[in-house]
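K.L.:
The listed protein sequences correspond, in order, to chains A and B. Those letters in the first sequence? Residues 557 to 673, per our numbering, in order. Those letters in the second sequence? Residues 37 to 153, per our numbering, in order.
What the hints contain is simulated information worked out from the structure, not anything from laboratory work. All values derive from a computational prediction rather than experimental measurement. Think of the CB as a built atom: it goes at the ideal place given N, C-alpha and C, for glycine as much as any other residue. Any given hint could turn out to be false.
The calculated lysine-lysine pairs, modelled on BS3-like cross-linking and capped at a C-alpha distance of 27 Å, are [what the hints assert, rightly or not]:
1. Lys107(B) to Lys597(A)
2. Lys107(B) to Lys596(A)
3. Lys140(B) to Lys92(B)
4. Lys596(A) to Lys575(A)
5. Lys104(B) to Lys575(A)
6. Lys107(B) to Lys575(A)
7. Lys596(A) to Lys92(B)
Which residues of chain A face chain B? A partial, calculated answer using Cβ under 8 Å [as the list claims (entries may be wrong)]:
8. Pro564
9. Pro598
10. Leu599
11. Glu640
12. Gln662
13. Phe664
14. Gly665
15. Gly667
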Amino acid sequence: ETGVTQTPRHLVMGMTNKKSLKCEQHLGHNAMYWYKQSAKKPLELMFVYNFKEQTENNSVPSRFSPECPNSSHLFLHLHTLQPEDSALYLCASSQDFSWTSGEREQFFGPGTRLTVL
Amino acid sequence: GESVGLHLPTLSVQEGDNSIINCAYSNSASDYFIWYKQESGKGPQFIIDIRSNMDKRQGQRVTVLLNKTVKHLSLQIAATQPGDSAVYFCAEFLANAGGTSYGKLTFGQGTILTVHP
């Protein structure tokens with residue numbers, strides 16, 4: 557166990573559905589991340605929150621909407637997704653998002669396997 | 037364009053042998069590099085990182101070598117064990133000096149390491 561949990565582990569949804577992915581970290585970290593992992597593409601960073609503030613949005617379509625109510629919880633709200641959005645969605649956390657510090661190590665959750673029909 | 041790529045998609049070794057996983061990168065301005073391990077059904081796990089001003093860093097049974105002349109990164113695993121079987125990713129980070137972004141993290145596609153007992 558890495559201290560980062562994700563629910564649900566598997567999700568199947570239609571293109572008209574609205575669903576949310578949840579991530580929770582029990583490590584006292586201040587930075588949290590959403591990644592997308594597809595079968596044919598490298599791991600892609602989607603969003604970064606540092607101290608509950610969004611600091612990165614790597615050109616992610618608006619059908620993905622993140623929410624970070626506190627430093628321990630991170631959500632990814634999904635609506636009107638496309639079949640190509642099917643992937644493993646990974647959450648990670650780190651002490652902070654300061655790449656010049658020594659606290660760069662990110663701890664990943666097990667991911668949510670999303671299938672869009 | 038900027039990219040991080042792996043030379044070999046698969047690597048098979050015998051238990052007890054040393055493993056070497058390679059990674060090529062194209063952005064000479066990257067600030068540092070990270071290796072991750074991902075076991076089946078789990079999220080990536082940080083292994084080791086190295087700053088761009090270093091050429092070697094050692095951890096427990098692992099060594100990362102950075103050759104900036106040829107833009108090459110390698111991960112050496114000593115006395116490889118069956119538990120080392122996983123997908124290994126390299127990633128490079130480019131800090132965004134003077135900008136509003138914290139930087140860009142780019143992942144390679146991964147190498148599948150299989151250790152035979």
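K.L.:
Which of the numbered hints above does this structure break?
P.N.:
Those not satisfied are hints 5, 6, 7, 8 and 11.
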